[in-house]
Amino acid sequence: MLNTTKIIYHNGKQYISDLKNVSLEAPFRGRPEISTAKVDLQKLVDVCPFGAISTNPVSIDMGKCSFCGECAFAFPEKIKFTQDYKIASNRRENLVVKEGETAPISFDVNIIRPAIRQTFSKSLKLRQVSAGGDNSCELELGACSNANFDMGRFGIEFTASPRHSDGIVLTGPITKNMTEALKIAWDGIPEPKIFVLCGIDAISGGIFANSNAIDRSLLNNIDVDLYIPGNPPHPLTIINGILDLTRQKI
Amino acid sequence: MIKSEKIIRIKNQEPIELKKIPVTDYESFTGMVLEILKDENTHCVSYYAYPDSNDLKFIMAIADDANHDIIVLSHILKSLDKKKLASLSEKVFALHIFEREIYENFGVEFINHPWLKPVRYAHNRANINSQINDYPFYSIKSEELHEVGVGPIHAGIIEPGHFRFICNGENVLHLEIQLGWQHRGIESLFLEKKHNFQRNLLAENIAGDTVIGHTSTFVQTIEALSEKKVPEQIQIERAIALELERIAIHTGDIAALCVDAAYQLGANVFGILRTPIINFTQHWCGNRLGKGLVRILGTHFPFTEDLKQELLKILNDFEFRFEEMAYSTYRLPSIQNRFEFVGIVNKQQAHLIGTVGLSARMSNIYRDIRVSHPSNAYQKFPYETVTVEKGDVYARFLLKKKEIRKSIDWIRNVLSKYKFDSAQTEKPNYQLLLKPNQFVISLTEGWRGEICHSAITNDNGELINYKVKDPSMHNWKALELSMRNTEISDFPINNKSYNLSYCGNDL
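Top to bottom, those sequences are chains G and P. Just so you know, we're using the numbering used here here: the first sequence kicks off at 5 and counts up by one. Just so you know, we're using the numbering used here here: the second sequence kicks off at 245 and counts up by one.
Treat the hints as calculated values from the structure; they're not laboratory data. There is no bait here: all hints are sound.
If the Cβ cut is set under 8 Å, some of the chain G residues that face chain P in the computed set are: (1) E29; (2) F162; (3) N181.
Just a few of them, taken from the derived set where beta-carbon distance is under 8 Å, the chain G residues facing chain P: (4) N152; (5) A185; (6) N235.
Beta carbons: idealized from backbone N, C-alpha and C, even for Gly.
Chain P extracted, bound-state conformation (with noise of 0.2 Å):
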């Protein structure tokens, strides 16, 4: 465990004084930083840099597993220095993502980036005159190749984004994935809407499919800043919600994983398999993906012992029929022989993409922020990760099953040990005072993958910085990477088992 006064290490939703997160110099910074990502326990959860004054400063939060902390780094670039800096993503390739983010921002050039290009063509970036029509992708010159581009708008009922493939025949050499489209300027509204109300409802529409975890993820947050305890049931509460989304999701993605094998069976029965889990969201709050349910210290909906006897009988016989329809599925050798060995991305690669979430479980990376940084409801009720090994579309398809039987078996054990009473929930509470110069960052492990939202706060306890990251902005890469040597017919199964966010990744 690495120990310096050059860092400084918190917990999860633990809010420290801003002075208190050292700043060195980026010599220093880069030293450290290549020293503690040595260690296979620990990832860089976010790195970023807001306006200080004239200067620009930079915060890197990386999480340390093993530990169950967050290591927080800081440098600062003068408003005279050159707007230039030694790259990192050099040495660990996967930063890349936020040296580019850095880049597109704030027009700071990382020396020796191997792919400094922009990430979402944000409506504040540094160079107003780059255009999302002109993105810089990576071309081959031959005569033998072809290149395909698909999008931004595709064929399904889905997000924009533009794929574009380079092709020798059927098979894909590469993919580059360019996005922007979905570009909603949130975390600026962040700011620019003052009351916590709004801000609760502008972390719901952050990602429609992760409801739950990014609004829930948004309100751990404003609380930890306030200092203000929340209930354990509420806690609870979010975290069934949390589950119940994963479950959801997951059983939807099998579907559609489904339809694209032409395995109609499975694609009708798990499609409307997520009919009564989403039912029973709405039946609980009124909304079948959970908008309305998170909200800042307490809910307008807390859990009963009726819903409780509900959801246990929904569980039932949704575990019933989706693993009567799964045994049949995961045998079928149709269905083996078009997703096994297809799009696979190794333990390696993904260690040097810095996955997250299903997508580093897939490559049997141990990765999961309700086992290594538990919030409370975790702590109390411990979850136990699966993973699979592979790396291939049969993986990710198979990973989805296994994690859908663990959340159902989470939430019987939450629910056949807690006992819930509204009583014991307060309604929410807008009107709270943020304390004044405070860091912190929250983590929590949505389905798709850790979800990290920090935010700072100014001497009157206003905030001057919100950042939200969304798995996908790690996960991208590894899709681009799933479709080296694969067959280009093979692209939809690839993307589908992953499903990636757009416009949690556009912002």
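Bound conformation, chain G alone (with noise of 0.2 Å):
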């Protein structure tokens, strides 16, 4: 008894009491900015092997990025990343950042389906399937309920079952091999649900956009209700993209 006070005494206080302003420190890499200033813009697009990176006028997206910041280290009178890492949107295209542009990334409350926030906003059981993820979006996903970021404050829990969940957050560019399975749990899942993608494998593709061992065909029957960036995303960019989806004051 006394060793269990003690350790729980010199563990302190652990959890993070406001998740929406935590200062992550560089070399952590955020929210992109492009400058206006002028680059060999070939050079630019080709330093990105995962094509985040287009021109005219010069964007990156982030729905492709895998925060390695090797376009930064290039050039870096171009392209800065943040700290900023509120950074997942219910639109595809709000996850694409233009020259010039500062401001944080937007969500569209327009397009959000009333149920969502009616029947979510103090309670969300989620159902994760990885589908060729690398464990590393797992992981993140796991450290959102620890201690320290503790979800489940929200109401915000993961299940074991799609039948007792309210929606599946998918990691993983989608493999062949589980895409029968993907569907049985995304049908098994009773009405309203939402649909999440974790991570720039789910989003698209990712490194894996071009291999002939991945079917994504399935996401052009599914409505896409949150994109959560990140090669993995922060456990600060998952719970404030679920937060943000679900509920309209915190």
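Got two chains here, each in a separate frame; can you build the complex from them with the hints?
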């Protein structure tokens, strides 16, 4: 008993009380900013093996970006990564950061289905499915529920069965071998339900986008409610994304 | 020590000309392999086939731990030959997984193989008609027995795999694990992606829990093929990152085991103890799991004297809280009662199935690449391996704690003796030419065990083969054996005590 008390005392307060306003330090790489400086655009595009950079105007698609920072090292005058971790959005297009933009990533509240906030604002149970995920996004999703980030305080938890859940959080580029299982899990969830893509593998296929072993056709028939970029996304990105989707005020 | 003109001995990360690997007929190949593997200090680290013009060329690499080198042998199956070979697994069971992989990829039938089934249903498998949903599970016809199927999607936040138990009441007679759900075509992508930076990023995504392990094995493979020298400091930095990865994941595993034993305090405290370690990795390179840190021939994030001071502080704080929590946890009767004598794989079984890394050391087998085939960092700062004896869940639980302590000591030793200076490092360089017609094998002791990458180049110095082997490939069999005559309710603690990789196996 005495030992237990000592342990609790020595570990102290561990939870982050305000998940909205944590300041992360460089070299953590969050939302990028692109200056209007003139650089060799072809070289800039070529530096990214994920094809996340495009021109006219110069932009970075965070749905493809691995946040490796290689472009910022090659063109420091053009690209810098801020430490803004609130980068999830419910619109795929909002993940694209254009030249000169410094505003936070926005949420389009008009396209959120009314049922989502009506039903899930106080309690949300999610089913995680990994379809070729490399276990990094899975580790960070797990970390969301530990004593530091404690997502459970908002009533957001992961469940064992699709039947008990309100939606799927998908990681991985969707391997051919997992397509059927993923479809069965999605069909097994009662309405209303949400579909969340977590990590760039899930959003765009990531480095596996051109692999012959993946099949992303299932996504043609599913409306995605939330895109959480990152490779893997930081737990703070994940939690803030889910909160922004499901509730008006926190 | 066996010497013969039919074999060649090379060192870890030492390239050799492909034509210097002696190619023999299958019969003498078999004879040599059986002779070499009689020695307990040897084990096969890789055995695979690749198309060589119209033929199929086989390469086997056997680590000789006592002599600190790797024996390489080869044989060829001509295009006109029948695709049938006598199985070696019959005599050396540890080879079963390699033969299964060759069978799946190229349709070579191994006669008398005890378990010739697909490994991962790769997209480019020989028999494209075989389907992942029709896996030929072993079954027993009996009215008293029942089967339990779990997966591919599991109850927690975890990768997919299918487990099929045959049970007699609560007791598991047999477990068969079917993988392949995670197959992303990694090995073909290494060849399809022509730029070394793309490959570097691909290596980072092989297994997200072993970022440093797989990426440093990859860069060492490419660097060896280019014959470029990497600054010593970079090599040491990679080893520090590797040990931090080990500390972080082992701590998380200990927490996960406490969860399954319903020990809340341990689950929470060990759970949060992982955070300062991975947060340090983020502070160092911007990513909690180390993505972005390891790059070919250099790094964007050199280790500095400031980082050294911070790391020492974090390790001191970590160690105090870890030891305090461990003191209570490992003496707790309910933990001991839950973990002891459960899921035993004894030394003899471990040798038979050829486990590596933590899964070998938990059965008292001294198998550790850092000691037997050390890279430069571990030559300069030697690591002393630890083992435990019993091979049960408690042994794995205990070994994780011991390895964390060892890793902390090793890092401290390095930090106290080495002076870090950013000027001693270099920026990454992806524009390198690979030497033509070479073979190289690179081994690293990741937190799960030995990671093995090997590569072959052609006349133009292009990669024509890239082979990845995660330690899980060997160790999944250990989990299956652990479950024999174990209660099915003990499966979670067994599974978590190994924490094997699905994507590392499926590639």
